[in-house]
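Colleague: Below are the chains, spelled out letter by letter.
Protein chains: 4
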Amino acid sequence: MNFASDNAYGALPEVWSALSAADHGAEMAYGNDSITQGLTARFSDLFERQVTVFPVLTGTAANALALACLTPSFGAILCHRDSHIMTSECGAPEFFSGAKLIGLEGKDGKITPEAIAEGLAGLDGSVHSVQPRAVSLSQASEWGTVYKPSELAAISEAVHAKGLKLHMDGARFANAMAYLNCSPADATWRAGVDVLCFGATKAGALAAEAVVFFDKGLAGEFGFRRKRGGHLASKMRFVSAQLEAMLKNDLWRRSAAQANGVAGRIAKALEQVPGIEMAAPVETNMVFARMSVGKAAKLRAGGAIFHDWIPAQNGKLVARIATAFATPEEHVAKFIALAKDN
Amino acid sequence: MNFASDNAYGALPEVWSALSAADHGAEMAYGNDSITQGLTARFSDLFERQVTVFPVLTGTAANALALACLTPSFGAILCHRDSHIMTSECGAPEFFSGAKLIGLEGKDGKITPEAIAEGLAGLDGSVHSVQPRAVSLSQASEWGTVYKPSELAAISEAVHAKGLKLHMDGARFANAMAYLNCSPADATWRAGVDVLCFGATKAGALAAEAVVFFDKGLAGEFGFRRKRGGHLASKMRFVSAQLEAMLKNDLWRRSAAQANGVAGRIAKALEQVPGIEMAAPVETNMVFARMSVGKAAKLRAGGAIFHDWIPAQNGKLVARIATAFATPEEHVAKFIALAKDN
Amino acid sequence: MNFASDNAYGALPEVWSALSAADHGAEMAYGNDSITQGLTARFSDLFERQVTVFPVLTGTAANALALACLTPSFGAILCHRDSHIMTSECGAPEFFSGAKLIGLEGKDGKITPEAIAEGLAGLDGSVHSVQPRAVSLSQASEWGTVYKPSELAAISEAVHAKGLKLHMDGARFANAMAYLNCSPADATWRAGVDVLCFGATKAGALAAEAVVFFDKGLAGEFGFRRKRGGHLASKMRFVSAQLEAMLKNDLWRRSAAQANGVAGRIAKALEQVPGIEMAAPVETNMVFARMSVGKAAKLRAGGAIFHDWIPAQNGKLVARIATAFATPEEHVAKFIALAKDN
Amino acid sequence: MNFASDNAYGALPEVWSALSAADHGAEMAYGNDSITQGLTARFSDLFERQVTVFPVLTGTAANALALACLTPSFGAILCHRDSHIMTSECGAPEFFSGAKLIGLEGKDGKITPEAIAEGLAGLDGSVHSVQPRAVSLSQASEWGTVYKPSELAAISEAVHAKGLKLHMDGARFANAMAYLNCSPADATWRAGVDVLCFGATKAGALAAEAVVFFDKGLAGEFGFRRKRGGHLASKMRFVSAQLEAMLKNDLWRRSAAQANGVAGRIAKALEQVPGIEMAAPVETNMVFARMSVGKAAKLRAGGAIFHDWIPAQNGKLVARIATAFATPEEHVAKFIALAKDN
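Protein chains in written order, with the numbering used here: chain C, 4 to 345; chain B, 4 to 345; chain P, 4 to 345; chain Y, 4 to 345.
Hints were generated in silico from the structure; no laboratory data involved. Please note: incorrect hints may appear among the correct ones.
Repeated chains share a single entry, so a pair holds when one copy, or any two copies, can fit it.
Unchecked claim - Simulated crosslink set (DMTMM-like; lysine to aspartate or glutamate; CA at most 25 Å straight-line):
1. 319 - 274
2. 251 - 26
3. 343 - 36
4. 219 - 48
5. 343 - 274
Just chain C, same shape as in the assembly (with noise of 0.2 Å):
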């Protein structure tokens, strides 16, 4: 039963049929395929405009390549406190970009104008502090919710008013537009989003992210920033491969509609479990639920795997239980079963 990560399961059926289909004799390495020339085309597709796009193999180098295209070295980078590039990625959007990240508050892990406001504050163009360039945000967030276009726009109001760029860190992305009842469009460029890392290793691929810009002036440094990164794989059809997969048919955001699906009935049920609370708005794939130590032991006892959020604080932490497109029907029972089970 492992809740652990949306990254704990393999791969999508689709997905393997289009990488055994890609495997049919010689290619042009590097990117000089006609499967990776092609995805200009098919995100250019979805997203109701051209874009430009680079496919890669890992979200930590999607969101770092793209940001250090955003930003000098003496550059700042707003984000939320909480953030995948603020936490988890060991400093790489600082070292591919050379910027500081400047941590924002925000309730259920959502930035807003008035917090990018806060941010900006002191950072005035001296030579002495750093200088903001970007904001980026993180949809869906690191707390599973989900920003709404008339956010975004608000947030990129503020953002563009400022002369910074902004940055969607869509490791989630399908998951928030499974949420979200408008087409990749309203909640991208429409909403002022300059560059969105589209994630699609957690929606079903085995390794792919697609790194979109919808403003071509700013990929210019993007393919030698790659390579430079060591990020340009080079029988790269195999990483296109996945992602036009993943584009066709709208699989992608099948697949994160049916993790929601499963993470929102986990949620329906812990919340009738008494002594359980929901930590954060239940929008995505992921559940975080404020439960005691005991609760807590209990279901890993019963063979539940999972992240403590928030460590234990007066007897109480919160888990985060995430789920996948993969995740088993019978996880799930047995899951709520030993919830709620005294």
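We have chain C; now place chains B, P and Y onto it with these hints.
Modeller: Relative to chain C, chains B, P and Y alone:
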């Protein structure tokens, strides 16, 4: 007829099978899975001693991360002036390590103790100059040639006498081992190699390289640097499964032997063509053939794809003909026929 | 009436004399001169133990280079959120070290063992997060307050218990020591400080800071990093001569005592002005006075130059009044008169 | 008898006077003082056009910061293989810029359009290699030789034709200008130089260099990079005052002419000594004399201090005899006598 790169082909059937088998349900992410955990034993068996192993996704990442563990930012790394790390990684080794690369001369792509001594001249410990800390060589070299264990031993003696460490870029280690009649141990740590980047991608994996530390004391920072570089795959088991498959039953070496054999036959045929001569001994899977511009054009007109390794001068160029585990027999025959035809 | 910075004034007569005396003919460049060589003995005397000393030209260089010796690129440095290294060096510590700065809360600009413990929470050795390696504090703090030896001891105990190193930004170490009634040894290494950036510029030198390592083992890379950072002055003897002059007859501490005294008198006077209150205890040479926007404007109209430390909110701001060794008595009198005048 | 470096001597009387005069009370720190503000006009007058000027404290800082403004991190800088930035700055240019330095061959320390063309071969815009963005030359060169305006024009034409920028390391610009019979404008921007590091320290300042941008568009990041590098002196007026003093009445060039003259006389005398010959034309303040190991030992036994520029081979070495503005006449006479004596 793609002879452009040994990365032009996909993956071996055994690799596909292993990938499929690895998709067996949930596993812990980021390398905390059973397949990745088992790699230490696999590689320790292969090298007849305890080693420390880290899987990564690209050869550039393997080299850059390994080298960063050998040198401080003010260090220097000596390597052949034609080496991949010097010419073809967009400065990745410098980016990850901070160190300066110092190019050495050397026949057929190979460095020597004499070239190392010359490269070290003037680097005397003064704070005014970068400090040499490592020597890197490629096995096989970028010219397809192979260091014999005795050559390696002479080099490592020179390297260690100066307190430096010896790194081996083994993107084509399999091809080198298929050429050498000795054990992997004899061609690495017994000859003084401190860290090896063991390449599997060119030999028939999708995207899998292993950084093998023979001296555990050098490996302490690798895990952090790998994550910080965005090279810690979340679904790492699928990288590790490729490596496991390649090691099993000596697949890595057999596959490389196949590629070497094809190159050997091409070389033999080309040598008999008037006006074509070998620019370097053909020991692995690459043929460097000096030929007229017209001959090269004719080969290309006939459908052959290959790189000009040395651009045309006085009507002659050096073509690099790279073979791989899956180069079709009919392409070989057709290429040879084209070359022979006047 | 310049109260903007303790850098507003030039140099002490004794510093000028020493500079002049140092221009006595030829000397070896780059620190291989007799004055620089003698600094080790001067500082070892001052600190009552063997120390390793490196002169540099700016405080930012001193801090950034010292910190770079304490942490790998994937490290983290904990410091007060208002500290100079966090807010006012344009990311220099990150540039030189690669490490991430983690801001701690703390009253009056001072960090505590509790704040350190909180800052370390979640930084558990996992490769996903940066690794804490050092704690930095400013003595005196950016709010002009001073750590007592007992406070330092408690902090260093917490720091060393976690295997971290303790760095002291002593740009205003002289002012702190003028306030404390103890020896430099008691306020540094005896209280657990591992490396001190001993500031002389603010105390009356032209441009001279000394990085003092109490643990020689930490100093091995400093010389290389200093040169690589462009901070090895060719005519180094003139930097060292300033330091020598400052140490002689306790000039550094006497000069700082003078500045502290002036600040104390200003604070005493301001406290008696209705509507003005101290925003922090005045222990050194800086007065942080909360006053109305109108009062600040009036002071400025009268010729006073100072920074708004906290911008106006609800009609009140916090002004920083900085004094220096050479602040003229008549400016003090005039400033006080202006402040008292309604 | 110190002929080790032109940094062996202190400062000119006019520099001391200017420093003293600059200590006239309070000024705004960090370059916001009247002397620093006036530098733009001073240097614009000197160069007969509007320039953008930044004072820094060391030549290494000047070069590294200037170059960092010309190239992205994945860039390449071409320079002579013996240049100071290549051999003697512990990798500072790489540290500040991220770029790779590519060494060119060239007689007497000078690069040529042909060498640049050769260095650019293979750097074709592919993501696999670093991207050339700048060429750097030293005026005077590390071999004491001087580029004529016509030579500079030919180089800059080659540089600009490839879209690169031309940087001039002018640590000994004064010596070069004392040799050339032309205006500073003719030897810099009129000949295509984009940015000049104007050295004053070797010519008789304490520690002062000016980075002079002829193209303001390249200077936008300099201020931030200077601060981030720890090179923004708080009491900047004292750096600027040195530069002002050096420019006044052409002091910089007169002082260098004095040093050049001394070197010329030494060279003339040495040339008449059997067994000694010049290893490069003596055009500025450095004499490169090939002599027997025994002769060099004898000179040293007599009290002469100098560097072996090329270590002993077959009983001969090349000694570098550097003169400065303050080299005493009696040392010159004694040195010549020693050299002549058998």
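Colleague: Which hints from the list above does the structure break, by number from lowest to highest?
Modeller: 3
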